[in-house]
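With the hints as extra help, turn the sequences into a complete structure.
2 protein chains.
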Amino acid sequence: MHMEPTSFSAESYFETQPPPPTLEHDVEQVREFVQRQAKERRNVVLVTSGGTTVPLELNVVRFLDNFSAGTRGATSAEYFLKAGYAVIFMHRQFSLQPFSRHYSHSTNPFLDFLEIETLKGQSTPRISVTQDKREDLLEVLTVYKAVHAAGTLHTLTFVTVNDYLWLLRAVSQELSVLRRKAMYYLAAAVSDFFLPRQKMSVHKIQSGKGNLSIEMDQVPKILKSMVDEWTRDGYIVSFKLETDPDLLIPKARAALERYGHQVVIGNDLHRRKFEVVFVSRKPLPALPPGAEPVPDALESTFVESWLRIDSTVATGVPASQVKEIEEDIVAELVRKHAAWVHAGQQA
Amino acid sequence: MHMEPTSFSAESYFETQPPPPTLEHDVEQVREFVQRQAKERRNVVLVTSGGTTVPLELNVVRFLDNFSAGTRGATSAEYFLKAGYAVIFMHRQFSLQPFSRHYSHSTNPFLDFLEIETLKGQSTPRISVTQDKREDLLEVLTVYKAVHAAGTLHTLTFVTVNDYLWLLRAVSQELSVLRRKAMYYLAAAVSDFFLPRQKMSVHKIQSGKGNLSIEMDQVPKILKSMVDEWTRDGYIVSFKLETDPDLLIPKARAALERYGHQVVIGNDLHRRKFEVVFVSRKPLPALPPGAEPVPDALESTFVESWLRIDSTVATGVPASQVKEIEEDIVAELVRKHAAWVHAGQQA
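Same order as they appear, the protein sequences are chains A and B. Everything in the first sequence is counted per this note's numbering, starting at 24 for the first residue and increasing by one. Everything in the second sequence is counted per this note's numbering, starting at 24 for the first residue and increasing by one.
Each hint should be verified, as a subset may be incorrect.
The list cannot tell twin chains apart, which means a pair is met if one copy fits it or any two copies do.
Stated by the list, open to error - Calculated cross-link-like contacts (lysine-lysine; reagent style DSBU-like; alpha-carbon spacing at most 35 Å): (1) K296 to K222; (2) K143 to K105; (3) K346 to K156; (4) K247 to K359; (5) K359 to K168; (6) K346 to K296; (7) K105 to K359; (8) K222 to K274; (9) K296 to K247.
FYI, nobody ran anything at the bench for these hints, they're computed from the structure. Nothing here was measured: the structure is a model prediction, and the numbers come from that model.
Now the structure itself:
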């Protein structure tokens, strides 16, 4: 599979890679959802969540993937809903989802807290929830039912990085009608590399013919297109995940510099549950007309603020009462977004 | 990441690649489980299920994966339990599991069929199951509780292909004490390739430095070691998944020829839910002492038998009544295994 690498701009990407078959249907549903929220004057946030795959074969058996259970996205979506936002939850198939995330089949299987009760004089047994889980489940279920009744959560799924890119472009374009009232919370772990359709093997790559060698192309930097073309007024939050703490802030700054969006939330793979850093641009001081900014001012163009929660969890605390860092992340973004909306009304 | 490929035998693999940290603990639990089943005179089947990952970094962000939701393994495990087997269910973390598989958070989320009932004169509302789901859930829950009470299901998880290989070797060695009463149902989608630890990048591979190129080594053929060393008397069933139907039988025969185990179940990616083929060796005709087998007999050494179910599902049929091909696969294997156990007692 050794071939010459190609360089893709966002434009050439969409010209050469085919859209997912469900795109039109998905976009129509998003359009209806956005129209309804606009009428009801709600802010809308697009939350992307989970990893993307890069299939190596057209009849896909093998793929490259990015590590992400979808915890950040699913948890944040719940807090956005609680803050009164409507949420478009665009997630990797089978990654965690708001509400059901509390009941992972591996760590907290719901079948374990259901009981069969045989009642006197009744032929059919009743299914009930064990005492110790009742309160937590009731809390989750109550919010879940309320959100469904209000119609403020819309879920979309993707699998491949190609699905993701096409969906992101289309949803951004739909959301752009809300101007500054739209937020983009891009928590999905998106592959930096992909295999163009034109280079994919049709059938399962056969082993027994030696070792596997894959050469992938770079995914175009679509944040630039979002800011410049798809949704000029949207409030865009991207994430940087690194394993080397020394790279976190330099890479976050470089992303803001390159794409010109609003916030990068940096997180270290091993500390992400209780520590993140918000990196954004400092508003430049007002200069007298005609004055040039001094070099010093340019060097301190960025501002970082750390957000931390206690990393120790007391034993015996019910799950619903454990503090989650996403609560504070969302609260901070809601504040920043309100200021952004306000500034837009002033301008 | 271009380096010279190395060729690994099973032996050199385990000499150079580190065991997963939980291995010893996992093996101890398996040992206790096997001892208990031996006392209670149950047959034990090891069911492996789900895909394996190949991490590209030591601090893993990216990995190669194999497509597998774990449906075949999780479904078959249920039928083995119903047939009276004890099951060691060794599966990829977050892949489907027996019983809970019926309630995928994506396609059949359990929160949707719970209701909150506020009862007269009671301050705390009650959680109950909606009428239309009650019967199915009661059936699943009843078997689930019975299996837990009998202690016939033991679950192990793996993530990487390295976890899988170490666990498979250790569990096979533990199960080998049961001799012919142990079955191995190897439904996991195991990577043919891996990246030796010595070649892995410590931190997240940085993009922006051009394209990604990965060169992987072949995973050693551990089925050969299972048959020859780890569990000489076990009844071993392996799977072949192909996307090119013309390769299915030749590749299944080649596997039997090379490894010398009992059955290969071949399935085509797109038809696997309603069609599989059992490939095994034909018992050779008894020859007069001193006679050489004729070439013709050698050519027809293999026997194939197709197993098919109706691929159309009538609408309105409750989920618990939809026919699953795994029911017939397991029934056929239980028969074959009984004959194998019987033959062992004759010898």
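So, going through the hints one by one against the coordinates:
no.: 1; hint: K296 to K222; result: between (38 Å within a copy, 29 Å between copies)
no.: 2; hint: K143 to K105; result: between (42 Å within a copy, 29 Å between copies)
no.: 3; hint: K346 to K156; result: both (18 Å within a copy, 34 Å between copies)
no.: 4; hint: K247 to K359; result: within (21 Å within a copy, 61 Å between copies)
no.: 5; hint: K359 to K168; result: within (29 Å within a copy, 50 Å between copies)
no.: 6; hint: K346 to K296; result: within (10 Å within a copy, 43 Å between copies)
no.: 7; hint: K105 to K359; result: within (17 Å within a copy, 57 Å between copies)
no.: 8; hint: K222 to K274; result: both (31 Å within a copy, 25 Å between copies)
no.: 9; hint: K296 to K247; result: within (28 Å within a copy, 43 Å between copies)
Every hint from the earlier list agrees with this structure, and none is contradicted.
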